[in-house]
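As they're listed, the protein sequences go chains A and B.
Residues are numbered in the numbering used here as their position in the first sequence, beginning at 1, plus a constant of 2.
Residues are numbered in the numbering used here as their position in the second sequence, beginning at 1, plus a constant of 51.
Keep in mind the hints are simulated off the structure, nothing from the lab.
Fair warning: there could be bad hints in the mix.
Quick list of in silico lysine to any residue cross-link-like pairs, SDA-like style, CA-CA up to 25 Å [to be verified]:
id, chain 1, residue 1, chain 2, residue 2
1, B, Lys-93, A, Glu-90
2, B, Lys-93, B, Ser-124
3, A, Lys-60, B, His-61
4, B, Lys-93, A, Gly-18
5, B, Lys-93, A, Val-114
Computed list of chain A residues with no C-beta within reach of chain B, every gap over 10 Å [as the list claims (entries may be wrong)]:
id, residue
6, Ser-30
7, Asn-43
8, Lys-51
9, Asn-63
10, Glu-73
11, Gln-103
12, Thr-108
Note that the coordinates shown come from a computational prediction; the quantities given were computed from them, not determined experimentally.
Ideal Cβ positions, reconstructed from N, Cα and C, are used throughout, including at glycine.
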Amino acid sequence: AQSVTQLGSHVSVSEGALVLLRCNYSSSVPPYLFWYVQYPNQGLQLLLKYTSAATLVKGINGFEAEFKKSETSFHLTKPSAHMRDAAEYFCAVTTPGTGNQFYFGTGTSLTVIP
Amino acid sequence: EPEVTQTPSHQVTQMGQEVILRCVPISNHLYFYWYRQILGQKVEFLVSFYNNEISEKSEIFDDQFSVERPDGSNFTLKIRSTKLEDSAMYFCASSGRTGVGTDTQYFGPGTRLTVL
Chain A
3 AQSVTQLGSH VSVSEGALVL LRCNYSSSVP PYLFWYVQYP NQGLQLLLKY TSAATLVKGI
63 NGFEAEFKKS ETSFHLTKPS AHMRDAAEYF CAVTTPGTGN QFYFGTGTSL TVIP
Chain B
52 EPEVTQTPSH QVTQMGQEVI LRCVPISNHL YFYWYRQILG QKVEFLVSFY NNEISEKSEI
112 FDDQFSVERP DGSNFTLKIR STKLEDSAMY FCASSGRTGV GTDTQYFGPG TRLTVL
């Protein structure tokens, strides 16, 4: 079975500071990993995805994530936070043979302090 | 840019009533999904749908739930007799293809269902 744990349901950073949102996964087979962002009153928007190619994945809006098999992690980072980054962030895992269903974490709410 | 839309944005119903949540997936997508998120909990998979039939469903998706693609554009989730614990945000998603888990699912904004 697959699962995802997001440590920290709420993260606050100052504008211009590093953003680090943590995601650890559990999977018995090589996983595919995704980060989605949800702005208020909007749907889940794909930020980036890892699909067994390069372990450092770059996404939209300056975000990137690194797949670390040894740590079973896929943490999301951004060097410099903007006010517009304030949103809910979800990590998800899927693997072949599951009908492509996604397993999500509980989400991390990011607040950016001016 | 194409997007998944959902109606209504918020639905309030009485326990025991039937509700239908509607979704319009991206037009050339072939795979459709429903997920739900109870407040403060994980986003959970309910069901996936392809070629006019359910391809996968979770334990949550019991006999009270059904899905349908009544025409070429809509994808609906029906809850036959709502319970208090059905209160959640329901997300619809669609993707172009599946098989190896790499295909991106595009999500709608969700319908918040409140059961009183």
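Against the structure, the hints come out as follows:
Under the criterion of a C-alpha separation no larger than 25 Å, the hint pairing Lys-93 of chain B with Glu-90 of chain A is consistent with the structure, at around 12 Å. With a C-alpha separation of about 28 Å, the suggested pair Lys-93 of chain B and Ser-124 of chain B falls outside the 25 Å cut-off, and the hint is violated. Using a Cα cut-off of 25 Å, the hinted pair Lys-60 of chain A and His-61 of chain B is violated, with the two alpha carbons roughly 34 Å apart. Restraint check: the Cα-Cα separation between Lys-93 of chain B and Gly-18 of chain A comes to about 29 Å, which exceeds 25 Å; the hinted pair is violated.
Distance hint between Lys-93 of chain B and Val-114 of chain A is fulfilled; the C-alpha atoms sit about 23 Å from each other, no more than 25 Å. Every CB of chain B is more than 10 Å from the CB of Ser-30 of chain A (nearest about 14 Å), matching its label as outside the interface. With a least beta-carbon separation of about 6 Å from chain B, Asn-43 of chain A fails to lie farther than 10 Å from that chain, contradicting its non-interface assignment. Once the 10 Å rule is applied to beta carbons, Lys-51 of chain A is inconsistent with being away from chain B; the minimum gap is 7 Å.
Remark: the non-interface label on Asn-63 of chain A is consistent with the geometry, its nearest Cβ contact in chain B lying 15 Å away (cut-off 10 Å). Against the 10 Å criterion, Glu-73 of chain A stays outside the reach of chain B, whose nearest CB is about 21 Å from its own CB. Some Cβ of chain B comes within 10 Å of the Cβ of Gln-103 of chain A; the nearest lies about 4 Å off, and the non-interface call is violated. Listed as outside the interface, Thr-108 of chain A is inconsistent with that label: its C-beta sits roughly 5 Å from the nearest C-beta of chain B, within the 10 Å cut-off.
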